[in-house]
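Our numbering puts the first residue of the sequence shown at 15, with every later residue one more than the last.
What you were told as hints is all true, and nothing was included just to trick you.
DEER-style ranges, computed between Cβ atoms:
hint : residue 1 : residue 2 : range
1    : Val-75    : Gln-116   : 32 to 38 Å
2    : Leu-89    : Leu-42    : 17 to 23 Å
3    : His-125   : Asp-48    : 34 to 40 Å
4    : Ala-79    : Gln-116   : 29 to 35 Å
5    : Asp-52    : Gly-119   : 32 to 38 Å
6    : Leu-103   : Leu-42    : 22 to 28 Å
7    : Gln-116   : Lys-23    : 31 to 37 Å
8    : Arg-59    : His-125   : 33 to 39 Å
9    : Pro-109   : Gln-43    : 32 to 38 Å
10   : Arg-19    : Asn-50    : 28 to 34 Å
11   : Pro-109   : Asp-54    : 19 to 25 Å
No lab work stands behind these hints: they were computed from the structure.
The structure presented is a predicted model; accordingly, all values stated were derived computationally and were not measured.
For every residue, glycine included, the Cβ atom is placed at its ideal position computed from N, Cα and C.
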Amino acid sequence: MLPLRLLAKGEATPGAIVSVPPWTDLTLQNASVDENEDNDKMLSRNTLELFRASWLQEPKVDLAAPEISLVNADLTVHPLPEGQHSFILGAGRVPEVDQTIQQMGQWLRRHLGT
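Whenever a hint applies, use it, and build me the whole structure from the sequences.
So, in structure tokens, the structure goes:
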């Protein structure tokens with residue numbers, strides 16, 4: 015991830031980043047990848063491997079490197095318990111999503127000074 019590389023070089027980084035929904039573990043070692051195969055056809059292991067290969071386009075990348083798998087980076091994470099993948103699509107229809115979007119906005123305003 016570019017901001018982590020910039021940080022390592024001592025260069026300017028973004029004031030804040032919100033990633034919805036983030037893909038934080040490109041190693042695909044989490045058991046849920048296979049456990050959810052029957053429930054989530056869009057995110058099967060085969061599909062995730064295809065996405066990963068298309069995104070990285072580099073066969074010798076260290077998939078566990080923090081700039082690739084952010085689960086291994088020093089981050090502030092605010093998960094939404096019981097939130098489904100791409101929950102943000104419920105904006106305007108699901109009160110918990112609207113509340114989460116408001117919290118994201120508050121967090122961004124605090125970190126960006128606006």
